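4 protein chains.
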Amino acid sequence: MSSISGEKIKISVFGESHGKAVGVVIDGLPPGIEIDSDKIRAEMERRRPGQDRFTTPRNESDDVEIISGVFNGYTTGTPLCGIIGNTDVKSKDYDAMKNLMRPGHADYTGYIRYGGFADYRGGGHFSGRLTAPIVFAGAIAYQYLQKKGITIGTHILKIGSIDDEPLNAADIPADILNKFRGMRFPVVSPGIEEKIKEEIDNARRDLDSVGGILETAVVNVPAGLGSPMFNSVESKLSAFVFSIPAVKGIEFGSGFGFAQMRGSEANDQFTADGKTVKTATNHTGGINGGMTNGMPIVFRTVFRPTPSIGKPQRALDISKMESTELKIQGRHDPCIAVRAVPVLDAAAALVFMDLLL
Amino acid sequence: MSSISGEKIKISVFGESHGKAVGVVIDGLPPGIEIDSDKIRAEMERRRPGQDRFTTPRNESDDVEIISGVFNGYTTGTPLCGIIGNTDVKSKDYDAMKNLMRPGHADYTGYIRYGGFADYRGGGHFSGRLTAPIVFAGAIAYQYLQKKGITIGTHILKIGSIDDEPLNAADIPADILNKFRGMRFPVVSPGIEEKIKEEIDNARRDLDSVGGILETAVVNVPAGLGSPMFNSVESKLSAFVFSIPAVKGIEFGSGFGFAQMRGSEANDQFTADGKTVKTATNHTGGINGGMTNGMPIVFRTVFRPTPSIGKPQRALDISKMESTELKIQGRHDPCIAVRAVPVLDAAAALVFMDLLL
Amino acid sequence: MSSISGEKIKISVFGESHGKAVGVVIDGLPPGIEIDSDKIRAEMERRRPGQDRFTTPRNESDDVEIISGVFNGYTTGTPLCGIIGNTDVKSKDYDAMKNLMRPGHADYTGYIRYGGFADYRGGGHFSGRLTAPIVFAGAIAYQYLQKKGITIGTHILKIGSIDDEPLNAADIPADILNKFRGMRFPVVSPGIEEKIKEEIDNARRDLDSVGGILETAVVNVPAGLGSPMFNSVESKLSAFVFSIPAVKGIEFGSGFGFAQMRGSEANDQFTADGKTVKTATNHTGGINGGMTNGMPIVFRTVFRPTPSIGKPQRALDISKMESTELKIQGRHDPCIAVRAVPVLDAAAALVFMDLLL
Amino acid sequence: MSSISGEKIKISVFGESHGKAVGVVIDGLPPGIEIDSDKIRAEMERRRPGQDRFTTPRNESDDVEIISGVFNGYTTGTPLCGIIGNTDVKSKDYDAMKNLMRPGHADYTGYIRYGGFADYRGGGHFSGRLTAPIVFAGAIAYQYLQKKGITIGTHILKIGSIDDEPLNAADIPADILNKFRGMRFPVVSPGIEEKIKEEIDNARRDLDSVGGILETAVVNVPAGLGSPMFNSVESKLSAFVFSIPAVKGIEFGSGFGFAQMRGSEANDQFTADGKTVKTATNHTGGINGGMTNGMPIVFRTVFRPTPSIGKPQRALDISKMESTELKIQGRHDPCIAVRAVPVLDAAAALVFMDLLL
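In order, the protein sequence lines correspond to chains V, H, W and D.
The opening position of the first sequence corresponds to residue 1335 in our numbering, with each subsequent residue numbered one higher.
The opening position of the second sequence corresponds to residue 1335 in our numbering, with each subsequent residue numbered one higher.
The opening position of the third sequence corresponds to residue 1335 in our numbering, with each subsequent residue numbered one higher.
The opening position of the fourth sequence corresponds to residue 1335 in our numbering, with each subsequent residue numbered one higher.
Mixed in with the good hints there might be a few duds.
Which copy is meant is left open, because identical chains are indistinguishable; a pair holds if it fits in one copy or across any two.
[What the hints assert, rightly or not] List time: in silico BS3-like cross-link candidates among lysine-lysine, alpha-carbon distance up to 25 Å:
| no. | residue 1 | residue 2 |
| --- | --- | --- |
| 1 | Lys1529 | Lys1373 |
| 2 | Lys1609 | Lys1645 |
| 3 | Lys1432 | Lys1609 |
| 4 | Lys1481 | Lys1609 |
| 5 | Lys1513 | Lys1482 |
| 6 | Lys1661 | Lys1612 |
| 7 | Lys1432 | Lys1612 |
| 8 | Lys1612 | Lys1654 |
| 9 | Lys1645 | Lys1661 |
| 10 | Lys1354 | Lys1645 |
| 11 | Lys1513 | Lys1342 |
| 12 | Lys1654 | Lys1482 |
| 13 | Lys1609 | Lys1654 |
| 14 | Lys1482 | Lys1342 |
| 15 | Lys1531 | Lys1645 |
| 16 | Lys1645 | Lys1612 |
| 17 | Lys1482 | Lys1612 |
These are computed hints drawn from the structure, not numbers from a lab.
If you're wondering where the values come from, they're calculated on a predicted model, not measured in any experiment.
Put together the whole structure using the sequences plus the hints.
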């Protein structure tokens, strides 16, 4: 199985980068979620390529055609299928590369896994384009979560050598997360946006790409979601997040920083604030023993630099088992992390909807 | 659902820290795996508490009683149930703490999630003791993998401020992994073991605990395992690893280090070595697009410091919604990361067996 | 979850009778299945409505648009999505019936289950039209099975008071099953077709409908497929078959006839035919202890009469909680069992493909 | 996977007929179900062998040891493991039969499926003894359902040539179902019990066995449970019921009788009874379009005659590929259907609990 996720909500993603369309079937949605097309369009717009020099020049409108599961503006509760056409496809770019196993790509692993039958054009089913249906599904999930008062947002924490300020996990106002959703380069520190753009521009000018870290928060989550062990909140979030192409690490709360900490420092003390239970600090990122404790959920995700770069590289010609020069002619993102901001919001929305149902 | 994992192999873990026993049902095992009891015992021994001052003084023999699924020394292919008795249980230690929500523990989240019905003694089902059946299941999976030539091993990369040398991901001999399995404090650098012990001893003497990072490698894995998207190797490994208590982050290959890298640097170039495809570097940790590429799988896992510490802390008495002093009297590990070494080996074995079937 | 089935192959069905389209995503297909469009079209044609007076006059071309998962004529191994447009839709027929809970239909249960948000037009997601994507998916599965030498076929065993001859379960040539696939009214006995048509015609003329029983066989299945208990072949087949609208019973081999039998009569004796193991009789329908024994799989499925009939009936107006006269104006099948023949073939193909993978 | 079932509640059954024990892990149980040990014992007693001449002389106490998941008399919400020891085991009876493929048994299919590694003693994991843990799990589920006012009961509808009266599906009082639970030979018609005993006794005296049909009802089920298509109530019930050894058919409501009916006759008319929606007749067995309609659920299950009979038969010696005489010396039930009454109650309880959660 490759492309089905979720326990109560199952999302089944399909499509190839240069096929007719990509899309998703969402099964298990509750009936009666009001579908706000403008909000869906806004989310799709956040991920859409071709908007400026920081993303791939491939220009897709990314309009979603809803085939089923919505009636008179509300979800029916039966499977919802949304389809996003591929319109700006230039497959000629890829034909010459059929046998070339590019570094950093899934060409070789997909070749072995699928016995040479996979659609190799533009990464096929392994392409970042498959995140478009995830953003669509997440937009619907988020409409459900917003009615419950939950807010989700993601900012750029690091691109190359440029660092933004981390969120204060113990106190994250919903406002700042909403603000992130309106920014093309969501950051906490004023002024850092220009430095990030410069960092990406430098990579682009060098015909290269650059990696990055995103920080995501989910606030106003009720306590007691998730389960110990295999359905821990961390297990569910990480399983989903690692399905996003280019993700290579995830950490919750103080994450890898815990290694240097003492228990007395790491332990978040529970206190009563009237009838509400809170913690003074939030090193644990809102999750104890795999279950939410009511504090903000905070996690950070690292994205490798886009493997497609303009710089000459060497690839393996699998038909000859010989190394050969590779000059990638396609259109690519100099920093995939930036484009992934709405994808992480969508992933978090889908996982928390699944947890809440 | 809390405690079932896997796609082809399902493992269903049960038990509480201070109940009769903990155990596991493994469903979907292939028939005909020869069960070597000595190897199982050796694995259990690696995780067993009560062995020295670096682990909890709770002393359990951790003998496994196999109830079903093994006949004449081989797996039958029908469900295998193994049970590990709890013998050294001192529940009096915990009675006074029924209403105390300890910092860093799953007391509060479990209280909300299970409506006050959970067994609170010694962490109940949320205890690290539940890793014993995972180690048992992993020992069986490893016997399967060894026949296929696969080797798995884990070393301590960091405890507090003490760092071991990372493995060279592009070239990991099976021998070093086997050596790790024989060491109580598996490390790469000679001499670092003593420093680690000292770091833990310092924490213990301060009635405190300390965190750490483990590095795990799996070598001789065939290419083409896993799937893009939701069943990526990273998704499956991370979902399992985050079910281990105290884990707060995971990274594959260069992991969080990718943030600072350029694509030209991060891309591992494929080359032909006779009929074998290899990569010169292994930043990606053996996984491209969610599928194995035949190079060593490398991942790092961070463990928070044990929340149970002897130092006085404050807890929330949920019955009075009041903060109160907490002096934990139970027996605990000053550094849970060290005990987790065989648990990570077991997790990796179970995930790779599932991928191979 | 409503519409996802399968263990290794997951099929996710979507769509509503009077929406834009119905369709299916098939996840887990092996790569390299050659797609023969003519065979798919032939299967769709067998189920297609509007062909004669024995089926609903709704006239759909039922062309399938493959969106993903096929490249250069072969399955890629990544999710295959096929969409079948709804073209001959007359929704005006249904608008007046929004609040009418028709007898025998899923109007009331769907109304409660989905809180009034379900698409009520033409049965919405609960319509027999949803079997079109199942037939499409089954056509692909059957191309896989045929390469392995497996043949599947279904005949009409009973419509109203007219009985066809049952197959001899111990000896079913592939030829007769292939012949069934070419017949619009597949039967064993010559001459029975006319009587069946007459029986259906009588019901149609009375503005009524009639039920029926179909008998399905699968031959040349290898022994040892399936599992004891919850993944028995009978469990998997029945779970799928009961997802077909109007099915109300299933029996394997001698089925309900076993009640009257003695063990000495019911036991199929195993014998060696050279190196092949056979049974002299096949009361068990090719399945012992939930696993295939290599003999023909035989099962019978009963279909209730189509609930939509022209005869005046009474329905419940749920908005007024009052009974009211109902005269159904839509276009319906006088005998749904006949149309279900290719659906059962498809169901069997999908289940056996799942078992073989 | 062989032995895991359920969507929200997963039950994982393990054990072999002549191993140490059989048992079950129930994962996903809600916390706070009060465990009434007497009720559990009473259910186990209903299934227990060795009680009279109508069941196998194997005498087991069938006491359940609860290992986990219950604390202070209530379910904790974490996995509940119950174990039932095998005490009256006479494996010598079976040793000679290692290579004998008995007619009607899973010997041959299990041999092929598990490559000769399965425990062949007394049917191993394929034995009817595995229904003991199902009855235990069902007893817990039933305590949950009873609090919700749901009643389940099963009676013998037919054994050999003796027929009991079917229930009137449109009107089944909870009382009659409760009465069934207290009877060793639950029947509707007075006087029929003696005839049934005689029928079984005749078979037993002939060293033979006999088949039968059971009719099960579930009353006071809320409307709107289940889903269309693959999670229909019929799909879920049938998948579970076909996991019970010896089941070869199931029908809902009028079942196979629908084949002879006209739509006008088969359609159950919805009417308002105050604020309650009812149907005048209940041909559909309480299920429309795969979802409950609030009327009694009624289904009938057929059991083949026990394959183990004392009469001389012929078996296949797989080591020599030769037919040989078989005289079964073990202890067996002359009519497995009678013993299955509490198993069907348990199956229904587990499925409806899963639907309600």
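Unsatisfied constraints (hint numbers, rising): 1, 2, 10, 11, 12
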